[in-house]
Structure formats: C-alpha cells, structure tokens
Amino acid sequence: MLELKNIYKYYNPGTVNEMCLFKDFNLTVKDGEFLSVVGSNGSGKTSMLNIICGSIPIESGNIVLDGKDITNAKEFRRNEKIGRVYQNPSLGTCPSMTILENMSLADNKGKRFGLGRGVNKQRIEYYRELLRPLNLGLEDKMHVKVGSLSGGQRQAMALLMSTMTPIEFLILDEHTAALDPKTAEIIMELTDKIVKEKKLTTIMVTHNLRYAVEYGNRLLMMHQGESVMDCAGEKKAGLNIDDILEKFNEISIECGN
Amino acid sequence: MKTKTTAKVLGAALLTMALAGITTVYAEDQYTIGIEQFAEHGSLDNCREGFLEGLKEEGIEEGKNLTVDYKNAAADMGTCGQISDKFASDKVDLMVGIATPSAQSLYNAALEKEIPVIYTAVTDPVTAELADKDGNPVGEITGTSDKLPVKQQLEMIRQILPEAESIGIMYTTSEANSESAVKEYEALAEDYDFKIETAGITTTADIPLAAQTLMEKVDCMTNLTDNTVVSSLPTILEMANEAGIPVFGSEIEQVKLGCLAAEGLDYVELGRQTGKMAAQVLKGEKKASEFPFETIEEAAFYVNTAAAENLGIEIPEEMTDSAAEVFEEIAEAK
Amino acid sequence: MDFFITIIEQGLIYGILALGVYITYKILDFPDLTTDGSFPLGAAVTAALISRGVNPYMTLPIAFAAGALAGVCTGLIHVKGRVRDLLSGIIMMTALWTINLRIAGTSNVPLFSKETIFKNSFLEKLLPEAVQPYGTLIVIVILAAVTKLILDFYMKSKSGFLLRAVGDNEKLVTALARDQGNVKILGLAIANGLVALSGCIFCQEERVFEISMGTGAVVIGLASVIIGTSLFRNMTFMKATTAVVIGSVLYKACTAVAMRNFEPQDMKLITAALFLIVLLISMERRKKVKIDA
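Protein chains in written order, with our numbering: chain A, 1 to 257; chain B, 1001 to 1334; chain C, 2001 to 2293.
Keep in mind the hints are simulated off the structure, nothing from the lab.
It cannot be assumed that every hint is accurate.
Unchecked claim - Below, computed lysine-lysine pairings styled on DSS-like, alpha-carbon distance capped at 27 Å:
| id | chain 1 | residue 1 | chain 2 | residue 2 |
| --- | --- | --- | --- | --- |
| 1 | B | Lys1195 | B | Lys1217 |
| 2 | A | Lys121 | C | Lys2156 |
| 3 | C | Lys2158 | A | Lys121 |
| 4 | A | Lys198 | C | Lys2158 |
| 5 | B | Lys1056 | B | Lys1276 |
| 6 | C | Lys2239 | A | Lys121 |
| 7 | A | Lys236 | A | Lys196 |
| 8 | C | Lys2239 | C | Lys2148 |
| 9 | B | Lys1147 | B | Lys1276 |
| 10 | B | Lys1183 | B | Lys1133 |
| 11 | A | Lys141 | C | Lys2158 |
| 12 | B | Lys1287 | C | Lys2080 |
| 13 | A | Lys236 | A | Lys199 |
| 14 | A | Lys196 | A | Lys235 |
| 15 | B | Lys1195 | B | Lys1183 |
| 16 | C | Lys2080 | A | Lys145 |
| 17 | B | Lys1113 | C | Lys2119 |
| 18 | C | Lys2114 | B | Lys1147 |
| 19 | C | Lys2119 | B | Lys1091 |
| 20 | A | Lys30 | A | Lys109 |
| 21 | A | Lys109 | C | Lys2080 |
| 22 | A | Lys121 | A | Lys74 |
| 23 | A | Lys121 | C | Lys2148 |
| 24 | C | Lys2114 | B | Lys1091 |
| 25 | C | Lys2026 | A | Lys109 |
| 26 | C | Lys2158 | C | Lys2080 |
| 27 | C | Lys2080 | A | Lys74 |
| 28 | A | Lys198 | A | Lys111 |
| 29 | C | Lys2080 | A | Lys81 |
Said to hold, decoys possible - Going by beta-carbon spacing under 7 Å, a handful of chain A positions derived as facing chain C:
| id | residue |
| --- | --- |
| 30 | Tyr8 |
| 31 | Asn12 |
| 32 | Val16 |
| 33 | Phe76 |
| 34 | Glu80 |
| 35 | Leu91 |
| 36 | Cys94 |
| 37 | Pro95 |
| 38 | Asn108 |
| 39 | Leu115 |
| 40 | Gly118 |
Keep in mind that this is a model prediction, so the values were computed, not measured.
We treat Cβ as the ideally placed atom computed from N, Cα and C, and that holds for glycine.
All chains, please: the whole structure from these sequences, using the hints.
What follows is the structure, given as structure tokens:
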C-alpha cells in the first residue's frame, strides 16, 4: 500500500516565480489497485509520480510505502520496490548495449553487481521466452544494439525490463504517448497482461482517455494539484469516455487532451 | 727480379694503404650531430650559437664538414623523448642536449646506442644523475653546467646596496634548476646578512600577482635562469621600476634588458666551451666518459647604467671599471 | 627499424592512457581533465618508490591505486559536490600539480641508476641475449595486452555492465536500484587508475620524472580514442579497446612522421589539425539519451 500524506510541493520556492502545486495533497493506493491518472498539462500528474519515486523533493508531507516511511529515501533505494516506465522509450534501456546485455542488466536488479560475468548464458533461453510473446522478433536479435530498435520495440523492452525482477509497484509515466496508435495498443495490452500476471500495484498516467477507461480498476482525475474525480470498483467500471470528457469541460480545461 | 716484384708489391700495398688512409680521413671528417634544445629561450639560443662557434674554432663547421639536425622540444617532455629517439635511430655521431630535461632524455635514448651525449645549461648534473657525486660522467655523457655564481652575486649585491636587508626571488616550482638555485641562495644569504624571500609560481599568468606580493616585502630582487620568469622579465622590470626596487640579473641578456647588474654567465661563452669539448669527442681525441663536466669558473660582471640612473643608484666606479660589459641603454625585448 | 619500435613502444604506453580516457570520454560521457594530473601522478609515485628502493614491479599496482584515488576525488567533487564535470576535473588537475611535486619531492627525478620494470637483473637473466635489445618492447607489449584483456573482462562483468549503462542512461541505473553517482565514481577511479599506470610505465621508460610530463596528456588520449574508434568503427569483430590502443599507436606514428618533416614548435598546431581532420572525417554522431523533465 502506498500513502501520500499532506504533501506540499512548491516550484521555484523563494523566487518571484514561486508556484504552489500541491497543498495538503493526499492519496492512498491499495495493494493490487491499477490506478489510471488523467488530467490536463500542469495538473500535477507527472510531479506526483516524481514525488513517489523520489526524483524531486517535497517541502513537507510523508510518503509511506507498505507502512514504511520513505520520504527521505533516495530515488535509487525506492527503486528496489518500484519499477518505472517513462514516456521516452530510450530512458528505459541502454542504447549502446545489446538486447541480451540489457535483459541481463535488468535480470540482475536487486543482486550484487560484482565481477561475475554480466551475461548468464543459462538465462538466454529464458529471455527469449520473455521476448517471444511480444511478436516483435526481438528474440532473434539478441546481439543487436538496442539503439537501433524502434521506439515501440524499445518501450516493450523497457516494460519487460522494469517488471522482470520482483517489484511491488509499477509506475507508468505516459508510457504509450510517444508511440504510434498501433504500437501503443500492443504495449498497452502487454502492460495489462504483465500487471495481471504479476499482480502489480500500478499507477498509470495517461492522456489517452480510452485507456484510462478500459484499463485499471480506479480512475483519478487531477486538476491544479488536486484530485477532482476519483472512482473505483463498480463506479469505475461504469464510466465511459463521455463522462470523463464532461468532467473535463466542467473544469473548463481544453478538451481532447 | 725478385726484388722488383717485392718492390712492386710493396708499392701497391703502400698505395692501397695511402688511399685507404685518405678515404678514412675523409669519412671521419664528416660529422652529423643532433641538437635538442628544451625550449625557445634567449639564453639557450645563445648556448647553441656559442656551441657551434666553439666547434668552428676547432675546425668543425656547419655546412662544410658538419651536418646539424636541430630540434626544439617546445618545453614538452613527450616531444623530448620523441626527438631523442629520432636522433638515436638516425645514428648521429653526437647528440647535444641543451637544458636538463633534454640532456636526460638524450642520455636515456643513448644508453643502448653508444652515441656520446654532450650537454650544456644543466645546472646540477649530479642531481640530474648525469654525473656521479665526484662530478665524473655516468656514461658516455659530459658537458657544461650553468650553475649560477651565487656567492659572487650576493657579494656584488652587498657592494651596490649596502643597506639592503632582503632579496626577493621568483621561481617556477616545476623547474628543477631554479629549485636548486634557490636552495643555494638560502644557504649562502646569511653570510652576507641577507634574508631571502621567495615566490613560487606555476605559469606566466601567476607572475604579476607574485611580483606584486614579493616587491612589498623586499629591498631588491634577483633573477635566476628560470625559463618562465625570464620570459616575463619586461613585465617584472616595469613593475619593479614603478616600485623603485632594483632587480639583479643572472646573465648578460637580462642586464641588456634592463636588470641593474649581474655576476653572471655568458651563455655564448658557455656554449663555446661546450663546443670545444664536443670537438674533442667527435675527433676521437677523448671519450665523453673521460672528462668530468665543466663550469665557467669566472663569473663576469655586467652592469646597466641606464637602469641604475632610473633607480637613482650609484654604481661604485671600481665596479664599472672591472665590468665585462657596461650597457648604457635598455634594450627592447625581442 | 628503431623508428618503428619507438613508435610502437610509445604508442602502447599511451594506449593504456587512451583506455582510461576511453572510459571517461566514451563510456561515462565525462570530459575528464584529471588525466593531465593523474598521468604525472603515476610517474611521481613511481619515481618516489623506485628512488626509495621499492621493487619496480610493485610500482604498477601502487600507481594504479594512486590514480584511482585521484579519480575518486574527482568523482566525489562532481557527484557529491554537484560541481560540473569539466570543473571537477580542472580542480583535481590543479590540485594534483602540488601533490605530484610533494610526492616526487622535486620537479625532476632521474632514475638512470635505478632498476626499472624494463631494466633489472631479473629480466637480464630471463631474456636470452638475442632478444635483450627488444626487452623494453616486449615488456610494454605484455603490459598493454594484459591491461587491455583485464579491462575487456571487466567490461563484460556485471559491474562493467553497470558502468556502461551509466554513461548511456543514468536513469536506468537508478531504476536498477543502484546509485548512479557511485557508479560514476567507480568509473572515474578505473579510468584514472589506468592513466596513472600509463604514467608509471612512461616514467620508467624515460627513466625520469618531470612535473610537466602530464601537459597535454588528455589531448593525446582523446585523439587516440577518436582516431581508434572512428577508423575502426565499422569493424564489428574488433573490440573498442583494441581500436583505442591501435589509435594511440597511429597517433604516435603520425606525430613521429610529422616531427621528421616539421619543426617541433609547430607540433601542437599539427596535432590540432590532425585531431580536427579525424573528427570531421568520422563526423561522430554521439548517441545520447535525451532526458526530458
């Protein structure tokens, strides 16, 4: 379970550009929840993810993960339990290393990075098994550098890599936004499959309202650092795109985002 | 009949020998030397000029029976090594190193090649391990040292400035020659009731600030043969003149540029002396390992009366009379 | 013949330096100017040890460790002090000038009368008479080859993977629950260790320590890396490390040829021109992850 308690976040504190984003923001994500977050630009969606992961500091408040206060934990420490996929496909992989080397790196998360061989030959078949269901042909390109793959291929790898080792939390930061519609669809289906298989607690930020409606079991709409809509369970299941659009219009934000 | 044949044979033999003799004489007469100078520097240039003059006086002249391969290392150690290796692989008859790093580098390259090395402008050949504790060569290497006549210099400063208490010395911490000269000054200063103040610098850029700081503390300054400091001498002299602080030089060129006076070296003379040593080695009269390194025993006194006038200092007449050269104007820096 | 031997000797010694620069410049994407200080640092440590009678072979690991320490300092300044990469290197380079002088005791330490890794009673006994003249070359080839192989091995280890990842994509290292700062520090340590090792060997080959010997070391290293990696870019069978070492030999060959035909005073300009030409021909397009906010 993840809890954000009384979060205060200012940008440019102490300057004329000081801007308060979160003022006493609270959010609880229960285990097994798949939370879709929507909202216009600047509403605080990505900032919220950054706060959870520790990429940006907060002025006050507490972040509690599984009962443990991680407010002051460094970003890389938090990542022991959190996996994250970014909007930019190249952020989840190493372009100058091969697919095999990337998979091996991800496979070693949580273990010692010592002087042992970087690639465990016995695991190669396992990596192929993981790549095969993607239907992208990556399993036959194990020695190809990731830098020469397409965005969609890389994002698929990033998703696999971030969920390869046991994690409790998956953070998806507009992870389909940079992909063409067809690839986005494939990645989204893959995401859903992985989340269900591994029973991951997930927060997905998206601008695609259809995905927000179709996937996940809870939906959160944010506006100016506040939650303006939060439905879970059956209420969420009954939602359709029009309902969300209506809400969007209600808060007089440009539509179609 | 028999005697005739013998005579013929003898004659032929003699002729062959004579011819052989002539050819060998000719072959020996042609020399190739490699000169490696560590940096572009007035004193070092003078050394090289003097060296070639010295050789010429001994009948070895560039263009006639001498080919000179001259390389300047532009104060870079890596370049030094490359030049030395080039000379060694060209198998020159003699390698000449001007300044310590070049001398060391040549010696290193020559070790296995059996090419003699002659050096000059090496302040302390013993510390540089080019000579043993007794001053004898460590191998086929010898030359001349440009060790400063520190004693005479201190004596001279005392004579010109009877009231002075402290002498400032600016030097580059990376130049081994300067370091050892500073040590010598510090050791001898007490005998003449002087206190030595030093300012160590690393680059030319440090000079203005270091000079300023030093001039606030001292009554006069004296120069070493420090490459970095000497190359900025005009700047230093200008500041010193403003502050009314006399600056003593260490060799003729510095006095020419406006240093008050110097008990110093004449680098041309040093080079000439070295050239004569080299000639002996080239001609095969002596091996380099057979003579210890030499120094110029007699320091020569140089004085610049224009500089003295600017500072309002009177140089005792008996001193100007004994001077090797008196400059009556301040030369422009080259 | 001697000419080529000299080029290979010098090229391989600087090849080890180039391997260090390869780690910082190519892998870590860190323009590390510490190199100009850690190269003479290795030499200073070596000179100090050898003149105190330490076995010359012991100087190799000790010089490496000293260089690694310098790298760690640069890393700490950059990572913990949040000082920009270029500045961190400049700070360390400047500091090392004094440290090197202190370690060596003076700005010029000759080692002519001392045993070195190239000239010692052990080698004299070991090598047959006929190969004695090539002793130096043999020792250098072995040292360069061993260093390269160890580095290759390391680059294939888990730790090496992490190092390669950090220059490529810091965020991935963080995502793997590793402190990317520490990985960078580790990389700088290895790089400067190699540079110091190169200085250690160079100082024993030249048999003298000179405080100014590091001037321009980073340029030589960069030029070697760029020549090596650009010229052999399309040869996939060749490892980048091999390419870098060959690049260093080529660079030394170019300067040696230039030296025969030009005045040494012009060498820096020729070096710069050579550098630029290789850069322009190869037109390196650096792949770098764009990190957006």
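Here is how each hint holds up against the structure:
1. A hinted pair counts as satisfied when its Cα atoms are at most 27 Å apart, and Lys1195 of chain B with Lys1217 of chain B qualifies at roughly 11 Å.
2. As the CA atoms of Lys121 of chain A and Lys2156 of chain C are separated by approximately 13 Å, the hinted pair is consistent with the 27 Å bound.
3. Of the pairs offered as hints, the one joining Lys2158 of chain C and Lys121 of chain A holds, with about 13 Å between alpha carbons and a cut-off of 27 Å not exceeded.
4. Restraint check for Lys198 of chain A and Lys2158 of chain C: the C-alpha separation of about 26 Å stays at or below 27 Å, so the hint holds.
5. Simply put, Lys1056 of chain B and Lys1276 of chain B have alpha-carbon atoms about 9 Å apart, close enough for the 27 Å limit, and the pair holds.
6. At most 27 Å may separate the alpha-carbon atoms for a hinted pair to count; Lys2239 of chain C and Lys121 of chain A meet this at roughly 20 Å.
7. For the suggested pair Lys236 of chain A and Lys196 of chain A, the alpha carbons sit about 18 Å apart, so the restraint of at most 27 Å is met.
8. Taking the CA atoms of Lys2239 of chain C and Lys2148 of chain C, the gap is about 10 Å. The hint holds against a cut of 27 Å.
9. Proposed proximity of Lys1147 of chain B and Lys1276 of chain B is supported: the alpha carbons are some 19 Å apart, at most 27 Å.
10. At most 27 Å may separate the alpha-carbon atoms for a hinted pair to count; Lys1183 of chain B and Lys1133 of chain B meet this at roughly 18 Å.
11. Proposed proximity of Lys141 of chain A and Lys2158 of chain C is supported: the alpha carbons are some 21 Å apart, at most 27 Å.
12. The hinted pair formed by Lys1287 of chain B and Lys2080 of chain C fails the criterion: a straight-line CA distance of about 61 Å is larger than 27 Å.
13. For a cut-off of 27 Å, the pair hint linking Lys236 of chain A to Lys199 of chain A stands: about 19 Å separates their Cα positions.
14. Of the supplied pair hints, the one linking Lys196 of chain A and Lys235 of chain A holds, its CA atoms being roughly 20 Å apart against a limit of 27 Å.
15. Between the alpha carbons of Lys1195 of chain B and Lys1183 of chain B the distance comes to roughly 13 Å, so the proposed pair stays at or under 27 Å and holds.
16. Taken as a hint, the Lys2080 of chain C and Lys145 of chain A pair is broken in the structure, with Cα atoms around 32 Å apart against an allowance of 27 Å.
17. A threshold of 27 Å between alpha carbons decides the hint, and for Lys1113 of chain B with Lys2119 of chain C the separation of about 15 Å falls inside it, so the pair holds.
18. A distance of roughly 25 Å separates the Cα atoms of Lys2114 of chain C and Lys1147 of chain B; the hinted pair therefore holds under the 27 Å criterion.
19. Among the hinted pairs, Lys2119 of chain C with Lys1091 of chain B is consistent with the structure: their alpha-carbon atoms are about 22 Å apart, no more than 27 Å.
20. The hinted pair formed by Lys30 of chain A and Lys109 of chain A meets the criterion: a straight-line CA distance of about 25 Å does not exceed 27 Å.
21. For the suggested pair Lys109 of chain A and Lys2080 of chain C, the alpha carbons sit about 24 Å apart, so the restraint of at most 27 Å is met.
22. Pair hint Lys121 of chain A plus Lys74 of chain A does not hold up; C-alpha atoms about 33 Å apart against a cutoff of 27 Å.
23. For the hint pairing Lys121 of chain A with Lys2148 of chain C, the CA-to-CA distance comes to about 24 Å; that is within 27 Å, so the pair holds.
24. Using a Cα cut-off of 27 Å, the hinted pair Lys2114 of chain C and Lys1091 of chain B holds, with the two alpha carbons roughly 26 Å apart.
25. Pair hint Lys2026 of chain C plus Lys109 of chain A holds up; C-alpha atoms about 24 Å apart against a cutoff of 27 Å.
26. Only pairs whose Cα atoms come within 27 Å are accepted, and Lys2158 of chain C paired with Lys2080 of chain C is accepted, the gap being roughly 24 Å.
27. Between Lys2080 of chain C and Lys74 of chain A, the direct Cα distance comes to roughly 13 Å. Compliance with the 27 Å bound is thereby established for this hinted pair.
28. With a C-alpha separation of about 20 Å, the suggested pair Lys198 of chain A and Lys111 of chain A falls inside the 27 Å cut-off, and the hint holds.
29. Taking the CA atoms of Lys2080 of chain C and Lys81 of chain A, the gap is about 25 Å. The hint holds against a cut of 27 Å.
30. Given hint, Tyr8 of chain A at the interface with chain C, is violated; its Cβ is 20 Å from that chain's nearest Cβ, farther than 7 Å.
31. Checking Asn12 of chain A against chain C: minimum C-beta separation of about 14 Å lies over 7 Å; hint violated.
32. Checking Val16 of chain A against chain C: minimum C-beta separation of about 21 Å lies over 7 Å; hint violated.
33. A least Cβ separation of about 5 Å between Phe76 of chain A and chain C falls short of the 7 Å threshold, and the interface hint therefore holds.
34. A least Cβ separation of about 4 Å between Glu80 of chain A and chain C falls short of the 7 Å threshold, and the interface hint therefore holds.
35. This hint holds: Leu91 of chain A has a C-beta 5 Å from the nearest C-beta of chain C, less than the 7 Å allowed.
36. Checking Cys94 of chain A against chain C by beta carbon gives a least distance of about 4 Å; that is within 7 Å, so the hint holds.
37. Because the closest C-beta pair between Pro95 of chain A and chain C is about 5 Å apart, less than 7 Å, the hint holds.
38. For Asn108 of chain A, the interface hint holds, since its Cβ comes within 7 Å of a Cβ in chain C; the closest pair sits about 6 Å apart.
39. Restraint check, Leu115 of chain A versus chain C: the minimum CB separation of about 5 Å is within 7 Å; hint holds.
40. Hint status for Gly118 of chain A relative to chain C: holds, with the closest Cβ pair at about 4 Å, below 7 Å.
The earlier numbered hints that this structure contradicts are 12, 16, 22, 30, 31, 32.
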